[in-house]
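Same order as they appear, the protein sequences are chains A, B and C.
Going by the working numbering, the first residue of the first sequence is number 485, and it counts up by one from there.
Going by the working numbering, the first residue of the second sequence is number 305, and it counts up by one from there.
Going by the working numbering, the first residue of the third sequence is number 642, and it counts up by one from there.
Note that these hints are calculated values from the structure, not bench results.
Remember, predicted model here, so these are calculated numbers, not experimental data.
One should not assume that every hint holds.
Quick list of in silico lysine-lysine cross-link-like pairs, DSSO-like style, CA-CA up to 27 Å [stated by the list, open to error]:
| hint | chain 1 | residue 1 | chain 2 | residue 2 |
| --- | --- | --- | --- | --- |
| 1 | B | Lys-312 | A | Lys-960 |
| 2 | B | Lys-669 | B | Lys-750 |
| 3 | C | Lys-936 | A | Lys-655 |
| 4 | C | Lys-936 | C | Lys-1007 |
| 5 | A | Lys-655 | A | Lys-599 |
| 6 | A | Lys-960 | B | Lys-366 |
| 7 | B | Lys-332 | B | Lys-471 |
| 8 | C | Lys-801 | C | Lys-790 |
| 9 | C | Lys-790 | C | Lys-742 |
| 10 | A | Lys-599 | C | Lys-1007 |
| 11 | B | Lys-750 | B | Lys-608 |
| 12 | B | Lys-668 | B | Lys-761 |
| 13 | C | Lys-1007 | A | Lys-655 |
| 14 | C | Lys-742 | C | Lys-936 |
| 15 | B | Lys-608 | B | Lys-761 |
Just a sample of chain C residues kept apart from chain A, beta carbon distances all over 10 Å, derived [claimed, not checked]:
| hint | residue |
| --- | --- |
| 16 | Glu-797 |
| 17 | Leu-848 |
| 18 | Ile-916 |
| 19 | Leu-1096 |
Just so you know, even glycine gets a beta-carbon here, dropped at the ideal spot from N, CA and C.
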Amino acid sequence: MDFLILHDGWLPILSILMILPLAGAFLLFVIPGENFQKYWALGVTILTAAVSLPLYYSFDPTTHNYQFGEHHSWIPALNVNYTLGIDGISLLLVLMTTLLMPLCVLCSWRYITTKVRAFMFCLLLIESTMLGVFMALDFVFFYIVWEATLIPMFFLIGVWGGERKIYASIKFFLYTLAGSVLMLVAIIALYFNTDPHTFSIPLLMGQGYSSIFQKWVFVAFFLAFAIKVPMFPFHTWLPAAHVQAPTAGSVILASVLLKMGTYGFLRFCLPITPAASVTFTPYILWLSVAGILYGGFTALAQSDMKKLIAYSSVGHMGFITLGIFVLNPNGMEGALLQMINHGITTGALFLCVGIIYERTHTRELALNAGVGMYMPVYVTFLAFFSLSSLAFPGTNSFIGEFMILAGGFAKSKLIATCAIPGAILAAAYMLRMLQKVIWGGTENPIHTGLSDLNTREIVTLAPLLLLVFWIGLAPKPFINVMHASVAHLLEQVIGMQTGIAPMANVLLP
Amino acid sequence: MEVIVSSKPLVAMLCALFGAILVSLSGKNPNIRESWSVAAAVCMFGVIASMVPEVMAGNVYKYQLFDMLPGLSLTFRADAFSMIFAIVASFLWILAAFYSMGYMRGLLEHAQTRFNTCFALSLFGAIGVAFADNIFTLYLFYEIVSICTYPLVAHHQDEEGYSGARKYIVYLTTTAKGLLLPAMILIYVLTGSLDFADNIHTGIIPVGVNGVVVTILYICFLIGFAKNGVMPVHNWLPGAMVAPTPVSALLHAVAVVKVGVFSTTRVMLYVFGTDQMSALGLGVPTAYFVSFTIITASIIALTKDNLKARLAYSTVSQLSYIILGVALLTPNGIEGGLVHIANHAFSKITLFFCAGAIYVATRKKTISEMSGLGRTMPFTFAAFGIASLSMIGAPPVAGFVTKWKLLVGAMEMETHSIGILLVLLASTLLNAAYFAPVTYRAFFGKRPEGETYEGIKEAPLSMVIPLMIAAIISVIIGIYPDFMMTFVNMVTQ
Amino acid sequence: MNTFSPFTLSSLSFLGPELVLLSVGILLIVVDLFFENRLLLPWLTAAGTLVSLVLLFNSPSGIVFGYMYVVDAYSVFFKMVCLVGVLFTVLLSERYLTTEKLRHGEYYSLLVFSTVGMMAMVSGGDLIVVYLGLELMALSVYCLVGLLKQDSRSNEASLKYFLMGAFSTGLLLYGISLIYGLTGTTDLSMLSQRVVSLDLINNHAFLVGLGLVLVAFCFKVAAAPFHMWAPDVYEGAPSSITAFMAVAPKAAAFAVLGRVLIMGFADVHIHWGPIIAFLAVLTMAIGNIAAIAQKSLKRMLAYSSIAHAGYALLGILAGNNEGLSATMNYLFIYAFMNMGAFAILILLCDNKRRGEQLDDYRGLAKTNPLVAALMLVFLFSLVGLPPTAGFIGKFYLLVAAIHAGYIVTVVAAMIFSVISAYYYLRVVRYMYFENAVQETAAVSISPGMTAALVLAMIGMIGMATFPGPILSFAGKSLIGF
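Could you build the full structure based on these sequences and the hints that come with them?
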């Protein structure tokens, strides 16, 4: 257990983080009144966020070991444990999740009019499970929370979704479920291939499994994560789910659920099956490039704002997988940062679409054309988030994309060059959307009577805008916590292959 | 050389940024709004002027705002090279602020608050480019200029405006994202840093990098800074003519195109360096490449009857002079090119101011309609004539200094001097061919049948005075080029 | 080997639970004759079952009646599953019988007698005892299936079940006779020795005998391709009996399968392993795919129960203690989730609707949120989705099967479990995403039903959060097996 630094003090902070929303969810059933329930959910999420913040300050960025660890035996017969801990890879994801949830509650304030209690229940439940995913260090527990995120999301889409909610929710559920069942097989196979048998994730790393076994395990994992990410061509569930989901659902889906896929690559694929990862790297890189281009071109053709952003996610996630699999510090840290960035930016964009949908009851670009004149504050926010999404320099995504592409060029100039059109396309579809929404054409639908953002909406968007520029201009506080973990991860992958120091040290004098 | 750590470059930029914010907040009261505009311009010029003595003494201002990654930071520097552009841009903003006040009010344009805000933001970007200390900072402000000028181009919000603006943004962002971004990242990967070199010779690309890669990078930058108007990515410029005239003036004389050439030359000299460029033989091909633009754009200009369109192609042609000069890689050539940034700015803004003044006064756009108009609007056309001379390169106006330096620079070349000389000669003739008739017809041409120009007089004073000042300065810096030449000489030393 | 223990009266002390049940069964007939209050019967049965359960954990273990009857931890575990199944059935039936106008007396006594049969099966140390128990169980269940005398579906089901059951019994007897002929014994512990000592592992006649026994039990657990009777019978039978059949007799049959295959014929694993693997995949395929097409929830659950038999076979397939304990654990969890789902089905059965059609579940979340929520938990558990108990059960099975090397079978199982998610989710969809066609009345809930649902939920939550104890209980019961 030397990989785990147990939490000091008597408060198991990670467990508390998971239990807070869970307990809050169940307590909702004794709380009367929809308004009070909303405030309750808001309070619980804010409290969770407040509890999570100290994690950053007590985090020790100099070690790659898992911190704030907890370890309890759960099913002794199979050596299944309840092990939690976070390192530089999961820390920011945990923080992002906790910080986004209050915003998700806020954005549903007026959007959700029916079954408020159940809605807030689902939100709190999914928060708890998502946090579990990023904190779990035991495979069985990981798998449980991983799958458990599906259920609340299924309901968020299915109950509070748009016209084709049933199709979207079932497709989402089955698609992602199908992807992850084979992962369970791989997990059990790994269990039997270590001595002593263990489900402990850190202990499964660096075991030197045979090459063919690694490949099979990798493929099983890859399928699960690639569908979650989603990588081209496993993305078809995403636009359907995004378009039909309520705003909060879209935000959670885009910001956190997709990250679970890329997190999976980082946490499992690379360190557990390093040889296979290296073998499959070229294919994955090309798939990423395909996703970047496909997402970009498809987004360009959309007339539905949500669909546009959904397809843009496919492209952005392509950049992230590209960054992960270039296997150098720049690319990987860039990918990790981009995961956060995408969470912030795309989440914010979905919030923006939700805000306009609440007013005009449509997401069609043509019908929302030219609202800039009536909602100047709104379009200012939208403009900043769109710029962030197209990786405008000075915003968060630029730093991420810059690092990813720097890693990409260091790995292969060809692949990085092929990804560049994706950046152009991002500018194209985002500016197109922005142009349509702010200006429209010479003749726009009549929007008189549209009210600009109210305080609640500004409060929802402002923290994200702050983060956009914070990460965009001073990313060091965010990147510094990753160094040790990423370096260790690369050592696990590359170091085991060739025994030489990670090549990227040459790149950064 | 001494490095002065001071936030002055940043303060200069913030003048524009806060100006923009104040303008946007005071939209309800036009007088207050416009006075913020002017105040911001004056403040910015003041701050920049206050840096002149130290820079002239050979010192450099530097200020790091954000340190992002190793080798990637948001840092500003004010050296001689940046001062050339910064002084010109900030000074001309003052003139443009007054001018646009007259123009916009004269035409009762809509959305003046947005217009003024974006105007100020564009200047913010332009000065940011001038003071950039590394490729990233340069790229950041380059993109800010692109985005903030979009609403200006689309200002009229009609079909023409939208299509022009779309073309504008497509050209600029595609080249920036498609060429600049990868080139910048590749340089970062190769060198681990994006900071500009301290002189124009060494460059920052380490020895031993494959020449092909360097050449590709070079091409990426040359084409990627599409704002420099080099063919084949010049088309956005004539397309952007739909914008109101002050915008055209801003685009063509001050902010946008100058940002393009400034960035191009900055990268040529401070990233690649003259040593590497000569070693790889990049100078002469570049010179010929831009020569094509010079000649072709001039020929196209000849065919245009719309005054602004003719001016636009003239700009395309003139911008390439600047790159041509730098590409000669001889001290005189570089000096000639760089000083043209200032010379062209003053002259071209005069021309556009004149075009706008004519339009406000008469609603006329085409040259053929302007026959005999000079007698009704003598000041305007006199200024136009002076500026035309500058464009042609006739003494004693500013353009002459450029031409002189360029000719000397071309002769200094070891090879290909004849070719370049021929290009300069041909283009001078062409310049004369498309500029001279305008003034000539205005003063000596026959008025069209039945046209009496009744009730038409000079444009408002707030327009005429700035254009006269710009014209006069064009003459002054033609006769006394020393002020600008000081900075230019410091660059080449 | 164990020493021979002749029949003595003291041997009866090992049979405490069975005797209690037997006397309850007889008492029920008597009470039915002399007391008017029908409500007495279910509670009497429930009390008897509970007493039997308590006795179960307090009786001595040993082998009695000369190897004939084995009271070991293994049998205790399965008896526990059967008794839990009966307990649930009784609680569910309390109001259901009145609704369906069934006769209480014979219903409960038959139920109890069939349970005694199962317990005999489970404890059978000799193929003949197994056979006797099987018949006792089967005959009682034939009658139970046909209790809805006015309903032609019920009559058909009963007849079909009887014919098929008789046929499978014939096969079983034939198989036993072949085995007996070759080995000279029907004693399970002796059998395994004889197989080795007589070198019968590759003897064709012996394999035919083994195959026939296998087929017979596959009939009982409704494993494909011997499942044909199941959908019709499950659909035709009274809902409470369907729930019962899917849990208790199936568990008993699995117990025998486990005892026979793993205790008796462990050495022949190379022969029956692939067959079971094939059967398991086939069962899951047929059960899950056919379930998709169903419009009746009851019939869908019937197919789902076939599919679940396929999953349970995964553990048997492994052919070792690990696998068997996984199956045991799974059957126990399955008892809770399946009973829970049927409880909801029965709860919705009133004068206006039968609660059997999927359409009856439209908009249930709006009219009866709590009922819908409970159904949701049971359905997700049946899918085997984390974090429900169903996942825990499936997880052990997969661990065991993978450990034994049946990766392909496991992958197939996983794929079918995704397919199964589709039809379970359809119910969820009807309940939550769609609106009721007509305003449905609120359900009335009886004490028995409340108890059943509470029990099922406690089981679900308990096994999801603390899955360790049951598994270690199952594992421990196999020590020295």
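Item to complete: Sort out which numbered hints this structure fails and list those numbers smallest first.
Response: As far as the earlier hints go, only 7 is violated by this structure.
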